[in-house]
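Chemist: Residue strings, one per chain:
There are 2 protein chains.
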Amino acid sequence: MSVEEKVLELIRPDDKDRERLEKVAEEVLSRLKGFDAQIQGSFRKGTWLKGDTDIDIFVFYPKEVGKEYLREKSLKELIQLFQDLNYEIAFAEHPYLILKINNVEVDVVPALKIDSGEDVITAADRTPFHTKFVTTHLDEKGKDEVRLLKQFMKGIGVYGAEIKVKGFSGYVAELLTIYYGNFRKVLESAKTWKPPIKLNLVEPKRDFDEPLQIPDPVDPKRNTASAVSLRNIAVFSLASKIFIERPSIEFFFPTEIKAEEIIGDILLIKVEFKEKSVEDIIWGQVWKNVEKLKNAIKTAGFSLIDIGAWGNSQTVKIAVQIEDKNISRYYLNQGPYFYVNGVDNFMRKNKYVWVGEDGRLYSLKKRRETNLEKIVLNNLSFKENFSVEMTWLSEINQDDKELHKFLRKRPTWMQT
Amino acid sequence: MSVEEKVLELIRPDDKDRERLEKVAEEVLSRLKGFDAQIQGSFRKGTWLKGDTDIDIFVFYPKEVGKEYLREKSLKELIQLFQDLNYEIAFAEHPYLILKINNVEVDVVPALKIDSGEDVITAADRTPFHTKFVTTHLDEKGKDEVRLLKQFMKGIGVYGAEIKVKGFSGYVAELLTIYYGNFRKVLESAKTWKPPIKLNLVEPKRDFDEPLQIPDPVDPKRNTASAVSLRNIAVFSLASKIFIERPSIEFFFPTEIKAEEIIGDILLIKVEFKEKSVEDIIWGQVWKNVEKLKNAIKTAGFSLIDIGAWGNSQTVKIAVQIEDKNISRYYLNQGPYFYVNGVDNFMRKNKYVWVGEDGRLYSLKKRRETNLEKIVLNNLSFKENFSVEMTWLSEINQDDKELHKFLRKRPTWMQT
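Listed in order, the protein sequences are those of chains A and B.
Sequential numbering from -9 applies to the first sequence in our numbering.
Sequential numbering from -9 applies to the second sequence in our numbering.
Excised from the complex, chain A in its bound form (with noise of 0.2 Å):
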């Protein structure tokens, strides 16, 4: 039996998984009529994984009530239908319900109906659009095919296009699916991508920027794969090399290993938020906090090794890495060459000067900052409201997974 088939056994639902969501949609199906309300997403779609609880109903008005209309109004009917239940309010574009009966979470999205996936004007239309595209595009052996290549995804960490991850969406998945034919073929070609990468289902209607650029075959002028980060499609390009070389089960289902050594000194920086935030906006500060962070931190003079950021929209772990965390007060700092202006300006400026042998000026510099904690601390800001925490990694008896995954770095599957 092979890797994939093997795999496919462990992620293709049976009938009771169908069954089972397929009574929870049902029920709330049942309360929306007189809607015009539909399952979709990937099980309506057919390539949801075994295991995977949610299902996304989409709730359609008619274009002419507009978008406020979905902020506000048809939040106040949707929750009237369902106060009696356990249900919570997300963000997205515009607020939507989740439902959570009999530990399947249930999406209730309305969404605009419209006439074509170009004439958008809530990313939510789009996506009966996708699942048209989707289903006529990919018979049974096609969605187990994505079911192979979302696990691969997920095994590997690149999976899920929300902020916090920057990673391929199950729609990709499918469009990389449908365009290289099958999950082998995937994996045959992304291990030879060279950014910018184009896969062009449909001609695009605009010049893309990314690194991976697949045009939506519903609404060409949008790159399907825009959040897509440079370092996910390095780490499934890669992946996919090696998986070619030496199929595993790893790459779908890793091991969980525990570091050994902590190399370098490792400042644990935990951020706590006071009140629940949606995900998204919560990680889009993240990455930006640790931009800023990594400049600060190389600015100051640190040398860097690794920053890693892993938690949920409540707690954040940051994880700054680097090779010594005592740093000298003085640093050479390199100054114009002799003939130009800038000399007189660098000599007045600068107590201890003197000049090199290749005729260029240079000076000793006192660091302005040589603690890590206070640059931190200058340098972390987010909206909400936040407590942080830091600590220098001494000991890793700690049972966070993700913490285990940043020491050791080398990621399970990188056998060669």
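Among the hints, a few may not be true.
One copy or any two copies: either way a pair holds, since identical chains are not told apart in the list.
What the hints assert, rightly or not - With a straight-line Cα cutoff of 30 Å, these simulated DSS-like cross-link-like pairs (lysine-lysine) come out:
#1 K122 / K266
#2 K339 / K391
#3 K284 / K356
#4 K156 / K188
#5 K90 / K144
#6 K131 / K356
Hints in this document: simulated from the structure, not taken from any laboratory.
The structure displayed is predicted, hence computed values, not measured ones.
Starting from the known structure of chain A, arrange chain B on it as the hints suggest.
Modeler: This is chain B only, laid out in the frame that chain A set:
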């Protein structure tokens, strides 16, 4: 009284100074009856400084005897003539005698008599042509201008063609004065120098590639300034600039100021040679060692601030100043982009490997050596027998003027 006038009072020899040297010269010449012996050098040219206590006496042989003769026979002849005096054998291109008479050093140099500066067989043969060119192009006033320039160069530490200094020779100082007209004009121009600097008293008969190019008027295929280092050109240019703005005797006779603090970590390497050697031969090796150390120290991962060397042909001190002597055991190693051929090799050869935001592979590498003393020992080499002593500088109560200069960095004349 201008700064120049004050300085001239200190450096212009008086009749007594001249008589003293003349007397010694006459004694030596009287022993050389029957030889074609002549006073040469700056005493002959009238550009010597008060306090200079050395005279060059050249003994010319017909060029037909060849340079082999100078290397052996002529030396023996000269030794026989002066064996009752305090003499030493010194080596340049060929050996010569150094006599010490009444605290005056007389270099007795054998050379070949040639018809033109362009037909030299040994470097010494060119000297009488230099003497003739200088004496026919400088009047008494001009000689004082040369004296000012030489003392200025001495004061800022760029005077001397020997390998230890890589500075301006007396002849170059004379040519600069002849080229520009006087001391002030030399500095007025030098402050605007930008390499390559081409000063043609005569059209060069060859393309030079050194930063300062002054073709020899008596042999235009030779660059008289070929030995001047870029650093010394830079120092001279900067000092000229500052002197023109604010003339001061400080440039000619710098005050000695002690250093106040040790910045970074400083390893003092004391190299001692068992036998006496020619200074140029030792210092050629010193600078090669310094270059080698620079590279080795940087490659090892230390942040090098500065490296300096001083001493003589018996004892050499090399000071290595680094930001911090303690460096991390591991360092960040940047690997190839994910789409190039090197990735397989990189993943195979490195233990800790991950993919960065930029799509490149990174790894953590163990440093081969983090002990600076060991790195120094592994990289120091001389043809002569030598011993090494290393100490980390912890106090600056040392009575080593050069060490204080190294620590202070900023020359005293650099007042802006």
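Chemist: Does each hint hold? Answer for all of them.
Modeler: Here is what the structure says about each hint:
1. K122 / K266: neither (35 Å within a copy, 93 Å between copies)
2. K339 / K391: between (50 Å within a copy, 26 Å between copies)
3. K284 / K356: Both, since 21 Å and 23 Å are each at most 30 Å.
4. K156 / K188: within (18 Å within a copy, 59 Å between copies)
5. K90 / K144: Within one copy only: 24 Å inside, 88 Å across.
6. K131 / K356: This pair counts as neither: shortest intra-copy Cα distance 65 Å, inter-copy 49 Å.
Checked against the numbered hints listed earlier, the structure breaks hints 1 and 6; every other hint is satisfied.
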